[in-house]
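Visitor: So in this note's numbering, the last spot in the sequence shown is 193, and the numbers never skip.
In short, the hints are calculated from the structure, not lab data.
Only true hints are included.
The following label-pair restraints were derived from C-beta to C-beta distances:
no., residue 1, residue 2, range
1, P169, I105, 16 to 24 angstroms
2, D146, R47, 30 to 38 angstroms
3, C71, R39, 18 to 26 angstroms
4, R158, R40, 13 to 21 angstroms
5, R83, A145, 34 to 42 angstroms
6, D146, I105, 35 to 43 angstroms
7, D119, R165, 35 to 43 angstroms
8, R158, P102, 25 to 33 angstroms
9, L170, A145, 37 to 45 angstroms
10, R176, R39, 20 to 28 angstroms
11, T129, A167, 17 to 25 angstroms
12, L170, P102, 13 to 21 angstroms
Glycine is no exception: its CB is placed at the ideal position from the N, C-alpha and C atoms.
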Amino acid sequence: MSRLISTGRRVLSYPEHGASLRRPLPDGYRHLHHRTRLGHGREVFEAAGAAVRCFRMHRAAGASVRADGPAVPGARVEIGLGPGPLRISVPCEVVRTTDTPDLAGFAYGTLTGHPACGEESFLVELAADGTVWFEVTAFSRPAAWYARLAGPLLPVLQRAFVRRLGRRLRALASAV
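From just these sequences and the hints, can you work out the full model?
Guide: This is the structure:
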């Protein structure tokens with residue numbers, strides 16, 4: 018349990034832990050997959066991987082982040098989304114991390130109290146040709162009444178935020 022994030026007895030709110038890193042994605046959820054080209058070379062890969070693992074990418078995209086440290090399995094994180102008084106805090110737990118010479122990132126899952134249930138992975142890949150890619154894969158469905166009420170607007174907002182993450186990560190990684 019994280020010292021900073023006071024999540025009480027919150028637990029992961031879905032049974033398919035780690036499934037955003039496997040195919041096929043679980044049935045019964047909306048699926049999201051998005052890839053952004055970040056640049057080229059090991060330096061871009063290293064910078065992007067560090068920005069993902071330390072939640073710098075989320076902050077650069079306008080989210081507030083409360084976490085004890087970088088993404089490690091079992092770490093609790095609270096992401097704040099939305100403007101000012103409409104900002105909602107969404108509790109998550111890191112369920113998997115990836116750290117190889119050509120792949121870096123993590124997946125986090127929703128905890129009880131999150132407006133959705135499901136999982137999202139954020140991976141940076143250094144391809145064989147030196148191209149660096151950022152990939153987000155998610156499966157989710159509404160859990161709170163207001164998320165169900167938002168209906169088809171939620172996937173549109175999620176896709177817009179994921180595209181913003183890619184753009185911000187490209188800028189962070191190219192600053193090396």
